[in-house]
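Asks: Sequence:
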Amino acid sequence: MKMSYFWGPLIGVLFVLSLFFSVFGHEGPLVTAVYAIDLVVAAVGFVYIVISQQLFTYVLRRLLDATVSLWVIATVLFLLLRFLPGGPFDSDKALPPEVKANIEAKYHLNDPLHVQYLNYMGGLIQGDFGESYKYLGRSVSDIIADTFPVSFQLGVYALLVSFILGIPLGVWAAAKHNSWQDSTAMILAMSGVSLPSFLVAAIFILVFSFWLGVLPPALWDGPEYYIMPVLVLGIRPAAYIARLTRSSCLDVIHSDFVRTAKAKGLARSVILFKHVLKNSLIPVLTYSGPLLATILSGTFIIETVFAVPGMGKHFILSVTNRDYPLIMGLTLLFGVMLILATLIVDLLYAVFDPRIRLK
204 MKMSYFWGPL IGVLFVLSLF FSVFGHEGPL VTAVYAIDLV VAAVGFVYIV ISQQLFTYVL
264 RRLLDATVSL WVIATVLFLL LRFLPGGPFD SDKALPPEVK ANIEAKYHLN DPLHVQYLNY
324 MGGLIQGDFG ESYKYLGRSV SDIIADTFPV SFQLGVYALL VSFILGIPLG VWAAAKHNSW
384 QDSTAMILAM SGVSLPSFLV AAIFILVFSF WLGVLPPALW DGPEYYIMPV LVLGIRPAAY
444 IARLTRSSCL DVIHSDFVRT AKAKGLARSV ILFKHVLKNS LIPVLTYSGP LLATILSGTF
504 IIETVFAVPG MGKHFILSVT NRDYPLIMGL TLLFGVMLIL ATLIVDLLYA VFDPRIRLK
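Heads up, the sequence shown is in our numbering, so the first residue is 204 and it goes up one at a time.
These are calculated hints, taken from the structure and not from any lab test.
Please note that the accuracy of each hint is not assured.
Simulated pairs of lysine-lysine, PhoX-like, Cα-Cα distance not exceeding 25 Å [as the list claims (entries may be wrong)]:
1) 337 with 303
2) 465 with 477
3) 477 with 379
Just the calculated beta-carbon pair ranges, DEER-fashion [to be verified]:
4) 315 with 233: 53 to 61 Å
5) 278 with 507: 26 to 34 Å
6) 328 with 229: 34 to 42 Å
7) 285 with 250: 36 to 44 Å
8) 233 with 285: 18 to 26 Å
9) 255 with 387: 37 to 45 Å
10) 272 with 381: 51 to 59 Å
11) 229 with 547: 23 to 31 Å
We put the CB at the ideal spot given by N, CA and C, even for glycine.
Please put together the full structure from these sequences, using the hints given.
Replies: Following this line, the structure appears as structure tokens:
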């Protein structure tokens with residue numbers, strides 16, 4: 204029996220259960236067990252891909268490269284924050300020099316630069332991002348732990364929307380090439396790319412909250428609150444995915460193996476979704492790497508407009524507040540997510556296209 208015959212249905216069932224529990228906020232031992240099994244299945248799937256494709260050396264090298272990349276990011280950002288004009292407490296005009304000096308001494312900002320760097324890197328190795336300068340009494344790890352799950356939840360839902368809308372729309376447009384259906388689909392895709400997110404969000408709030416009164420305009424307190432921010436966040440990536448899928452499908456449709464499948468009398472839907480689509484997903488996968496990291500880390504505009512208590516606003520506020528530890532922590536978290544997303548996408552290349560060999 205092939206692994207896909209077992210793992211495919213299992214992963215599908217677990218994903219649906221996890222999504223159900225996530226949307227409706229269920230808790231308890233059963234939910235915890237499902238999430239634990241999800242992690243185990245994901246880990247086993249990762250190991251299976253690495254072993255079956257003989258990618259252990261490749262993955263090890265990528266992880267070593269990722270470690271070096273994160274060190275470079277941390278070092279460059281650390282130095283930039285220290286050398287740029289101004290400091291985290293310069294905006295507090297009312298502070299006497301003695302008070303400001305005491306605060307800087309508390310956070311070791313008056314230590315020599317190399318001492319600050321070594322202390323920060325030492326804490327970073329131990330998983331300590333430091334204490335926020337502006338959120339008194341709160342560590343950066345606590346802020347991330349409180350806000351990242353909400354941004355992650357929003358991002359997962361938006362990713363589902365983008366793929367569920369974008370891929371079928373792109374395939375449908377390619378199948379109806381040069382027809383009014385193709386033109387309509389591409390007009391919708393271009394509109395999704397062109398319209399800014401804050402404008403789409405305002406339109407959704409105006410129509411569905413104030414005119415129709417069917418959806419709440421803000422907050423993140425239940426399934427009905429998720430609909431508008433998820434849709435608004437997922438529309439633009441869905442438009443990009445639709446265009447990429449259409450373009451790639453048009454290239455594959457004219458291939459010899461597709462003409463052979465047509466000559467055998469296979470149904471049009473089978474040809475499109477089994478043969479054409481599978482061989483058209485490489486551009487979509489390439490776009491999905493950066494998209495995954497960006498969308499899962501939270502989007503400041505969407506979280507602000509809909510008052511979603513996620514991590515996105517901290518990206519901006521940490522910079523305006525010159526909150527060094529929070530800037531460093533959030534940037535490194537985004538870097539880790541981008542590196543992992545890119546690695547996962549690269550591994551999926553070998554799954555979707557056996558002609559690709561990763562070395």
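Asks: All hints, please: hold or fail.
Replies: Hints versus structure:
1. 337 with 303: At roughly 14 Å apart (the allowed maximum being 25 Å), residue 303 and residue 337 satisfy the hint.
2. 465 with 477: 13 Å, holds
3. 477 with 379: 17 Å, holds
4. 315 with 233: 53 to 61 Å: Hint holds: Cβ distance 54 Å, inside 53 to 61 Å.
5. 278 with 507: 26 to 34 Å: With Cβ atoms ~31 Å apart, the hint holds.
6. 328 with 229: 34 to 42 Å: Taking Cβ atoms as reference, residue 328 and residue 229 lie about 37 Å apart, which means the hint holds.
7. 285 with 250: 36 to 44 Å: 41 Å, holds
8. 233 with 285: 18 to 26 Å: 50 Å, violated
9. 255 with 387: 37 to 45 Å: 42 Å, holds
10. 272 with 381: 51 to 59 Å: Cβ of residue 272 to Cβ of residue 381: about 45 Å, so the range 51 to 59 Å is violated.
11. 229 with 547: 23 to 31 Å: 27 Å, holds
Checked against the numbered hints above, the structure breaks hints 8, 10 and satisfies the rest.
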